[in-house]
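Given these sequences and hints, build the entire structure.
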Amino acid sequence: MSDNLGRGEALPIFIGNVTKTYGKVFALDDVSLDVKQGEFMTLLGPSGSGKTTLLMVLAGFTRPDHGSLKFGDREVIRTPPHKRDVGMVFQNYALFPHMNVAANVGFPLKLRNVSGPELAERVEGALETVQLGGYGERGIDQLSGGQKQRVALARAIVFEPRILLMDEPLSALDKKLREHMQIELRHLHDKLGMTTVYVTHDQREALTMSDRIAVINHGKLMQLDEPRTIYDFPANTFVADFIGESTFVPVSVSGGKVSYDGTALQTATTPDGAGKYNLMMRPERLAFVSGKKPKDVNVFKGTVSELVFQGESFLMYADLSDGTQVAVRGATQKDAMANVPEVGAAVSLGLHKDDTVLIPDTGDLPA
Amino acid sequence: MSVADILHPGAAAAGDAAPNADGLKADAALERMKLFGLCSPALLLVVVTMVLPVVWLFYLSFLSDEGTFSLEHYERLTASKAYARIFWTTFKVSILTTIICVAIGYPLAYFLAQLPKRAAALCMITVLLPFWTSLLVRTYAWLVLLQRKGLVNTWAIELGLWDEPIKIVHNLNGTLIGMVHIMLPFLVLPVYGSMKAIDTDFVKAASNLGASPVKAFWKVFFPLSLPGLFAGALIVFVLCLGFFVTPAVLGGGRVIMVSMSITDTIELFFNWGAASALGVVLLVMTLGTLFLASRLLNLDKILGGGGGGGGH
Chain A
0 MSDNLGRGEA
10 LPIFIGNVTK
20 TYGKVFALDD
30 VSLDVKQGEF
40 MTLLGPSGSG
50 KTTLLMVLAG
60 FTRPDHGSLK
70 FGDREVIRTP
80 PHKRDVGMVF
90 QNYALFPHMN
100 VAANVGFPLK
110 LRNVSGPELA
120 ERVEGALETV
130 QLGGYGERGI
140 DQLSGGQKQR
150 VALARAIVFE
160 PRILLMDEPL
170 SALDKKLREH
180 MQIELRHLHD
190 KLGMTTVYVT
200 HDQREALTMS
210 DRIAVINHGK
220 LMQLDEPRTI
230 YDFPANTFVA
240 DFIGESTFVP
250 VSVSGGKVSY
260 DGTALQTATT
270 PDGAGKYNLM
280 MRPERLAFVS
290 GKKPKDVNVF
300 KGTVSELVFQ
310 GESFLMYADL
320 SDGTQVAVRG
330 ATQKDAMANV
340 PEVGAAVSLG
350 LHKDDTVLIP
360 DTGDLPA
Chain B
0 MSVADILHPG
10 AAAAGDAAPN
20 ADGLKADAAL
30 ERMKLFGLCS
40 PALLLVVVTM
50 VLPVVWLFYL
60 SFLSDEGTFS
70 LEHYERLTAS
80 KAYARIFWTT
90 FKVSILTTII
100 CVAIGYPLAY
110 FLAQLPKRAA
120 ALCMITVLLP
130 FWTSLLVRTY
140 AWLVLLQRKG
150 LVNTWAIELG
160 LWDEPIKIVH
170 NLNGTLIGMV
180 HIMLPFLVLP
190 VYGSMKAIDT
200 DFVKAASNLG
210 ASPVKAFWKV
220 FFPLSLPGLF
230 AGALIVFVLC
240 LGFFVTPAVL
250 GGGRVIMVSM
260 SITDTIELFF
270 NWGAASALGV
280 VLLVMTLGTL
290 FLASRLLNLD
300 KILGGGGGGG
310 GH
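Same order as they appear, the protein sequences are chains A and B.
Its first residue numbered 0, the first sequence is counted upward by one per residue in numbering that gives the first Met the number 0.
Its first residue numbered 0, the second sequence is counted upward by one per residue in numbering that gives the first Met the number 0.
Think of the hints as simulated: they come from the structure by calculation, not from any bench.
Built from N, CA and C at the ideal position, the CB exists for glycine as well.
Any given hint might turn out to be false.
Covered by chain B, per the in silico footprint, the following chain A stretches (three or more residues, Cβ under 8 Å) [stated by the list, open to error]: (1) 95-101; (2) 106-119.
Calculated Cβ distances over 12 Å to all of chain A for the following chain B residues [claimed, not checked]: (3) E30; (4) R31; (5) L62; (6) E65; (7) A78; (8) Y82; (9) V143; (10) W161; (11) I261; (12) S293.
See below:
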């Protein structure tokens with residue numbers, strides 16, 4: 000192997016028509032997806048959606064039925080894993096228990112014939128990057144979960160791969176540490192500039208860290224967009240339901256006009272064509288309206304059926320006039336809470352027209 | 000205890016720095032007693048069937064033919080070169096058997112560990128099946144196969160592999176073939192167990208970091224499977240040291256191991272003292288081996304033992 004293997008600029012990834020079946024089940028169903036140079040791309044989906052399979056195809060551990068995979072200009076679909084030169088952080092870290100921290104981090108360097116002072120220097124450098132300088136002599140079982148995670152990361156970046164893969168690396172950490180690491184990983188990505196593909200089932204994690212999110216379900220790519228677009232304008236009910244909270248209210252569409260329960264609605268986008276549509280209501284985008292109807296706001300009338308205090312926010316369920324139950328979420332400052340109506344009271348809910356988003360009804364509405 | 004304490008026991012307890020401490024301690028002690036009671040039958044069995052015979056063995060070995068204390072049996076062991084040769088043979092056969100078992104058993108266990116669950120279970124049965132067959136039957140079966148006019152010689156000559164019947168039984172070769180066959184499961188099982196306990200992600204990680212399949216095996220998989228290999232090899236070696244039936248039948252009197260020498264001493268010379276001395280020396284040597292091995296097995300700790308726990 001040449002000395003400069005794996006060092007250099009980040010590489011874009013081109014995934015073309017990749018299909019993987021297990022018996023009759025499609026783990027990946029004709030997935031095509033491009034990751035830009037230096038981009039932080041998250042594969043997001045429920046368990047069994049195929050996101051991990053796709054990552055394993057990228058790493059070379061799963062052989063797809065057909066398809067193309069390019070790192071830069073190089074077609075690598077038939078390249079064995081050890082020649083792909085991508086860094087990877089495994090879900091359970093996969094740190095070698097028979098080696099100490101320095102030997103783990105130095106492992107990929109030794110395979111690339113780095114030795115002596117350069118080896119020690121680069122190992123220590125990688126450990127410092129993940130804020131574990133001086134931990135080289137520790138044994139793996141002497142580390143906490145968060146430290147193991149950092150060592151796994153150091154081992155994946157020490158040989159300066161141009162692509163970094165991460166398989167739910169934070170899922171074993173507790174919530175506080177996880178949220179801290181999300182920010183830290185993102186900063187690290189910005190610093191190192193590697194093209195990163197990150198797998199998670201945690202939608203908040205995906206929204207926090209990613210440049211773009213690829214939502215995957217049943218082996219198919221459901222939507223590929225920036226976090227805000229994914230959240231504000233989901234392409235279908237699956238994405239709308241999986242990311243964030245939402246309730247769906249059936250609306251009637253005719254001649255480009257949208258109405259609910261006989262009242263015309265102002266919407267952010269006009270639906271193209273007829274068909275069935277649902278109005279997506281994000282609980283936190285609904286606000287209480289009293290008095291005159293404000294400009295550019297659609298108003299829905301209902302009755303409060305349940306009210307729950309959840310700490311940083313409250314959650315209210317209200318029954319609309321046609322029986323649809325919608326969720327409302329709001330902050331819990333004292334003066335805000337004073338305005339929250341009690342259970343059984345009538346309530347008027349306002350939704351700004353920019354937040355009034357229609358989703359085509361594909362018949363797979365979540366129960 | 001004051002009247003107030005009797006009237007308000009709760010209040011008194013609350014006043015203490017450690018409420019209910021004595022009661023909880025008594026409960027714990029009672030629980031320990033009960034658990035000890037549960038294991039006492041097993042303990043008794045071990046003492047009667049293991050400890051007492053060994054003590055008796057020691058006692059006999061220090062008894063002269065006249066019934067007085069003496070070291071004569073041990074003196075004879077050190078004086079005669081024949082005994083040294085017997086112990087040397089015993090260790091040689093045991094070491095060779097262990098080495099061959101490792102050479103055959105490790106790849107076999109590796110192969111089994113790579114198979115899908117069902118196929119592995121099926122193959123494991125073929126490994127275990129001889130294990131469940133009588134030792135004597137298997138040993139005599141080898142005799143039938145290996146003797147001068149046996150199956151192996153006749154077929155080999157007909158196939159033209161060799162011209163004259165070769166001696167593969169009633170010597171060291173036959174003994175080793177039989178012993179390896181019988182000992183193999185004792186090696187394969189712990190090695191298989193420790194291999195199955197190795198997370199496949201370790202090998203994947205090695206490969207992702209740039210290790211070829213061969214390198215990933217030697218740098219990651221093999222070290223992690225070592226604890227199981229040590230355990231299996233140790234079991235085989237220790238069992239070999241005391242092995243009797245197979246070397247007696249397949250060795251044809253040319254391979255004399257300590258166990259056979261003990262039988263002769265008792266059956267031919269009725270010399271319990273001398274036999275006991277042989278037994279004691281073998282026992283001490285076996286314990287010595289175990290001690291050395293346990294020192295070596297501290298490698299287990301150094302190696303982290305992460306993947307190897309399953310074999311023990």
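Consistency of the hints with the structure:
1. With a cut-off of 8 Å between beta carbons, the stretch 95-101 of chain A has 4 residues touching chain B; three or more are needed, and the interface restraint holds.
2. Restraint check on the stretch 106-119 of chain A versus chain B: 4 residues with Cβ-Cβ distances below 8 Å, three needed, restraint holds.
3. Interface exclusion of E30(B) from chain A stands, the closest Cβ pair being 31 Å apart, more than 12 Å.
4. Residue-level check passed: R31(B) sits 30 Å from the nearest beta carbon of chain A, beyond 12 Å.
5. Residue-level check passed: L62(B) sits 51 Å from the nearest beta carbon of chain A, beyond 12 Å.
6. For E65(B), the requirement that its beta carbon stay farther than 12 Å from each beta carbon of chain A is met, with the minimum near 59 Å.
7. Every CB of chain A is more than 12 Å from the CB of A78(B) (nearest about 48 Å), matching its label as outside the interface.
8. Interface exclusion of Y82(B) from chain A stands, the closest Cβ pair being 43 Å apart, more than 12 Å.
9. Against the 12 Å criterion, V143(B) stays outside the reach of chain A, whose nearest CB is about 46 Å from its own CB.
10. For W161(B), the requirement that its beta carbon stay farther than 12 Å from each beta carbon of chain A is met, with the minimum near 44 Å.
11. Distance check on I261(B): its Cβ is at least 42 Å (rounded) from any Cβ of chain A, clearing the 12 Å threshold; non-interface status holds.
12. With a minimum CB-CB distance of about 19 Å to chain A, S293(B) clears the 12 Å threshold, and the non-interface call stands.
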